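Undergrad: Spelled out from the first residue to the last, the chains are:
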Amino acid sequence: MRYADAPEQQAWRQEVRRFVRRNVTPALRAELRAHGNEGEGPLARAFHRQIFDKGWWGIAWPTEFGGLGKSAVAQYIFVEEMEAAGAPAMRLSITSVAPTIRRVGTEAQKERWLRPILHGEIDFAIGYSEPDAGTDLAALKTRALLDGDEWVVNGQKIWNTGAHTATHNWLAVRTEPDVPKHKGISLLIVPMDRPGITVQGLETWSGIRTNAVFFEDVRVPRDYLIGERGNGFYYVMMALDFERITLGSTGLLRRLLEDLKAFVRGTVRDGRPLGAVPWVRRAIADLEMRVEVGRQLGLLNAWLIDQGIVPTKEGSMAKVYVTELNAQLASVGMEILGLAGQLAPDDPAAPLHGRLQWLYTTAPLQRFGGGTNEIQRCIIAQRGLGLPRK
Amino acid sequence: MDFGTGVDQQAVQAAARRFLAAEITRERRRAWETTAEGHDAEFWSGVAQLGWFGYGLPREYGGEGASLLDLGLLLEECGRFVAPFAIFSTIAGGLGVAALGTVAQKRDWLPLIARGESRVALAVAEKAAAANPSAFQTTVRSRRRGFVVRGEKRYVLQGVAADAFVVAARDGRGVSALIVPAGAPGVTVVPARTFAHDRQCVLRLDDVVLPATALAGMRGAAWPRLERLRRRFAALLCAEMIGGADAVLDMTARYVSEREQFGVKIGTFQAVQQMIAGMAIELEGARHVTRQALWRLAEGLAAEREIAIAKAWTGRAYVSITLAAHQLHGGAGYVVDHDLHRYSARAKEAELRFGSPEEWLEDLAGRLRLAPDGRR
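Heads up: the sequence lines are chains A and B, in that order. FYI, the numbering for the first sequence is 12 to 401, going by my numbering. FYI, the numbering for the second sequence is 91 to 466, going by my numbering.
Since the hints were derived computationally from the structure, they do not count as laboratory data. Everything numeric in this text was worked out from a predicted model, so none of it was measured. It cannot be assumed that every hint is accurate.
Claimed, not checked - Pair ranges (Cβ atoms, derived):
# : chain 1 : residue 1 : chain 2 : residue 2 : range
1 : A       : Q25       : B       : A112      : 47 to 53 Å
2 : A       : Q21       : B       : R120      : 52 to 58 Å
3 : B       : R120      : A       : T372      : 55 to 61 Å
4 : A       : K401      : B       : R116      : 29 to 35 Å
5 : A       : G319      : B       : V97       : 16 to 22 Å
6 : B       : R116      : A       : Q25       : 36 to 42 Å
7 : B       : A218      : A       : R29       : 49 to 55 Å
8 : B       : T278      : A       : Q21       : 38 to 44 Å
Even glycine gets a Cβ: it sits at the ideal position worked out from N, Cα and C.
Chain B extracted, bound-state conformation (with noise of 0.2 Å):
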């Protein structure tokens, strides 16, 4: 056991915390409010710059090669900072290309993704199918030499911004993922409303034309490739929640240790104490859980189990965190003056995201074949 972080990963850990603090100030960050994207295009470059949209890209094609636990820790960082969520889609989108793209596409992509200068957004959930492809309405037919795409795909994030979009679409008995350029006729991105204001999209497919290149891996086949990102960006996105729930612990600690009633300081009060201590306990329970996964995944290890708690638990963590931070900030913390509510949206929006707890917890207990006969 090492519970440690690695000097190089401190390095990265404390030139990210650097880099977020000085770059998302107070009025930087109300005038992302009214922009499509939620940033600007200076900030964009200075990440790009930092080779963060790379940082786990193969070295081939312009990225660093570096682990899902490396990535991880990088993604503490901006969960801390509740930096614009656009940074963990880019990174997905990046991670989605090279797990299912051909060659051709991985060199057409990646290159670009990991200089800032492309996006690609993920594009599977429907309406009424997240997890079960036999649910998905979207279909995707053969026409002459390519394809035609027909469906609608709903909370893609960052849609908006994307150059492009990873859609998967049921082909026959399987389900096969395209890469649906923004512009292609029949394409329609309409922009949905969100609590954490994180710019999802609804993305219309009217009978979309592609090229036979359009086809990521075989046809029929993606769905395992599918599945196994979403486990991945699982894991990736509860990185990102125990530094969200990291900078929640510590600011209520402060101010409870500030914040003066009766004479007093409301941190000397013990039913405040029980509080802080159930949410520290919960914190360090999630990052372990979480550095586990990642590192399991990094190893090459079966991480299955460890994901499935890593999300399950993390999620009610994060939410049950800041729900507490609102109660003990009081009015102070409800104020949208105040970044509290950033946190507390951002947590709930990532519970429900790749998985809910309960959803993590069925898919725990049949791996646990409960079942007579061994069955899940």
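Okay, chain A solo, but in the shape it has when bound (with noise of 0.2 Å):
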């Protein structure tokens, strides 16, 4: 048992903390901030290729795929202090479609994706909800068929969040009608640039633009459907499962309750500090409280990973605690800055530069998205404490 830093764990954070205070410059996170996800802006560009030439978008990656062979751990590590120090986040090709590939692709296909992923010259859009098909996901309805050589694609995603920007789409389809729901689904690899697609904007209230994208009669080389042909739906659970590791990371919280506090000491408001007034002290303590908690779950999550297990439970509880926890410190967090807390992130006067009011409107897409929060309980208590299904 050990609650603490391992040497090299040690070392290694020391190393990525170095590394961001270095590069994480308050140019690039102004930058990032008018940019949100349209795309990256030239210093953020520079700052990923700075992370791809160090291999460090493949922490847990084994050596030949050009990753650094290190544990779940380490990468826990990495994105926590990348979010505390307020750097881009890793893209989804990276936590969630390329560790998919390497479970279930071909030894053809993990040579034909996975370096273009890991060095950024691929970025994928993660194509599974449909306007009818969101948490029943198997109820997906947009098909391929086979056409000679090709998979022809027809349907419609929604919530296709950077298909804008994205390179390529990663697509749960139906390619087997004539089986039951769970079974009939594949995933396909469709590049952006084929003809038959069109991609329509959705503006959401954090900001973030998605998409609803079309597909009409696109056509994509047979060998882009990864894995084997129906099992699709469990491909895409397990790559929700991955992307569930980097949900748990609490850096980013750190960072803005480290922010709450500096704001707290530096306030007096109707002429009294505001560290001495009850409710603040005791609002700081329980979110300080509830944040290590958070850490503690999604650290073991990580840790489970490193001891070969599975962590379904563990990840879904880290998923579910940390996300519910992200909208109570935004919550609790604005009450704190009072009348300031309203102000938006570009507003000068905006205390923590309108971050904590950017999380209040992007905490329900967390806890609604990725496996909703309600599924995410089902999941802990069905697969975690045995609960019966029927």
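Assembly of the complex is requested from the two constituent chains, each provided in isolation within its own frame, with the hints serving as guidance.
TA: Quick look at the structure:
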């Protein structure tokens, strides 16, 4: 048992910290805030190139694929330090798509896709949901039919975030129309430059742009189907498990809480230092406790992966807990900021650059996205504690 | 990071589990309810033979020198079976003497405690004071070559069965700790009735005359060490709590997986699954903030922040888990024949003891230095 970084983890944390201190500049953070998810600005692109050159997008990856061959805990430490520094987030291509290809792809597919993903030459949008298939993903209707050596895709995806900037789409499609709905789905890579794709923007409350994407007789090569035909639903579930590893990081919350404490120390309201107001003290201590609990749950999840265990229960616990805490920290934090809490990120007077207000509007997405928290709780109860399904 | 328990730690937990599962039968528990001590002599000597009372005591006084982390893992198992709380309080009494006592006092008491032949109870809290020494009404004065102690201590764990008490008493500007034999003239033990039936008492000290050798440590200088002990007991109590919470979650998951209504297992209802998942998350968090605090203590690292977090979170979590369990068990878990109420009452008492969640959150706020000039 050891509830602290091992010496090599400590050294790794210091290395990441030194890097972000030098390279995550106020100018880069300002660019990230201004760009939202409209692709990368020049500073973010340069930053990512540095990360790719170091092999840091593939920390837990075997060295044969250009990764560092480190543990999942090392990856957690990396995400934690990157978030704490306000660095650009890990892409889903890296955290979700690539590990799935590595697990289920053929040797030729691994050869074809992994290196370009890790080097940032290929970036995916994730296309699972459809207007009538959200939480009930297996109800999806977008179909792909084999015509000679090509798949022909027809249908519609929604919440296809990043489709307007991505090079490829990671698409769940129905390839076997005559079998039970969970068993007829496959995963297909669709290059976004193929004819027949229409991308329609959807603006969301947080300012994040997402998309509805239409596919009309879009043709892709036969071997762009990843893994086995008909196994796609299970691959999606696996990809979501991988995605939740990074959702369980508390680096961002840690940073926002430190900023909030600094605000409290420096603020006098109605003639009284905020740090002397009982409810403010209590609220900050409560958040300090909750963030620590979340950190333990996230680390536990990463540690279990290193033990060769697929942490379905713990991954869901970390996802539920940390995303609920996002919403809570944003809400309580804004209450502490007082009337200034409502100021938007682009208002120069906004405390913490409006990050709490930003978190407040993105927290709902985190709670219902990546598998709703209600579904996660059912997973915890059924797969973790053996409750009956029927 | 390493969230796993070692082979030795697993062996200790497994042995404790086997012993407690075999010994604590329904009939025996019923019989214990009518006794003054809350257990029987045979059970007590069984625990003593396993070496639990001396497990965390120094080797030179007959103990095994186990770390607070290992002690915590053992207490997790006691919590799992809601074993008589006398085990916890006897272990705590031993640690108290080891931390505060003189060499002579340790030589007198620790080997006896380790063998299960003596018990020392800690008497710190009063009617109107728990954590502020200047609020203590119990005082000690010098008299000839000894002392006179006067006052009243409350919520003393296992007072009825104690052979001596470690009493905290105001001494001029400071606080002194003294070891007071239960049989000394002027000592009266009045049983208190608590809803977890854990045999607490009121300790009355009417001008109790003590020799100079009764003083534990330096005069007027005991408070920092008493506070340090309170933090350690808080962390150890968290270990007891997570064992109990684990058992409650387990029995509740089993119950809802068997109980049928409307022709289906109630565990299939999403409302039930949401509650069970919430309990599981609270427990998993509690397990690791608790073990983190104990691990830091065992490693000799600063652990004040982690203990505050552990006690605040775990206190809340155990209470919340037991109350959710009552909701999910309905009437089946409400009858005294079912063990659930033992966990529920223990949970609420443990939440209050050694600092409540709100008190620990205020302690934590102080450590975060939120005042503008860096003060607490």
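Undergrad: Each hint should be assessed against the structure and marked as holding or not.
TA: Hint check results:
The beta-carbon spacing between Q25(A) and A112(B), approximately 51 Å, falls within the hinted interval of 47 to 53 Å. At roughly 53 Å, the beta-carbon separation of Q21(A) and R120(B) lies within the given 52 to 58 Å, and the hint holds. Between R120(B) and T372(A) the C-beta distance comes to about 58 Å, which sits within the given range of 55 to 61 Å. Look at K401(A) against R116(B): about 33 Å separates their beta carbons, and that is inside 29 to 35 Å.
Range check, G319(A) to V97(B): Cβ separation about 18 Å, and the 16 to 22 Å hint holds. Taking the beta carbon of each, R116(B) and Q25(A) are about 56 Å apart, not inside 36 to 42 Å as hinted. A hinted range of 49 to 55 Å for the beta carbons of A218(B) and R29(A) is consistent with their spacing of about 54 Å. Under the hint 38 to 44 Å, the C-beta atoms of T278(B) and Q21(A), about 56 Å apart, miss the expected range.
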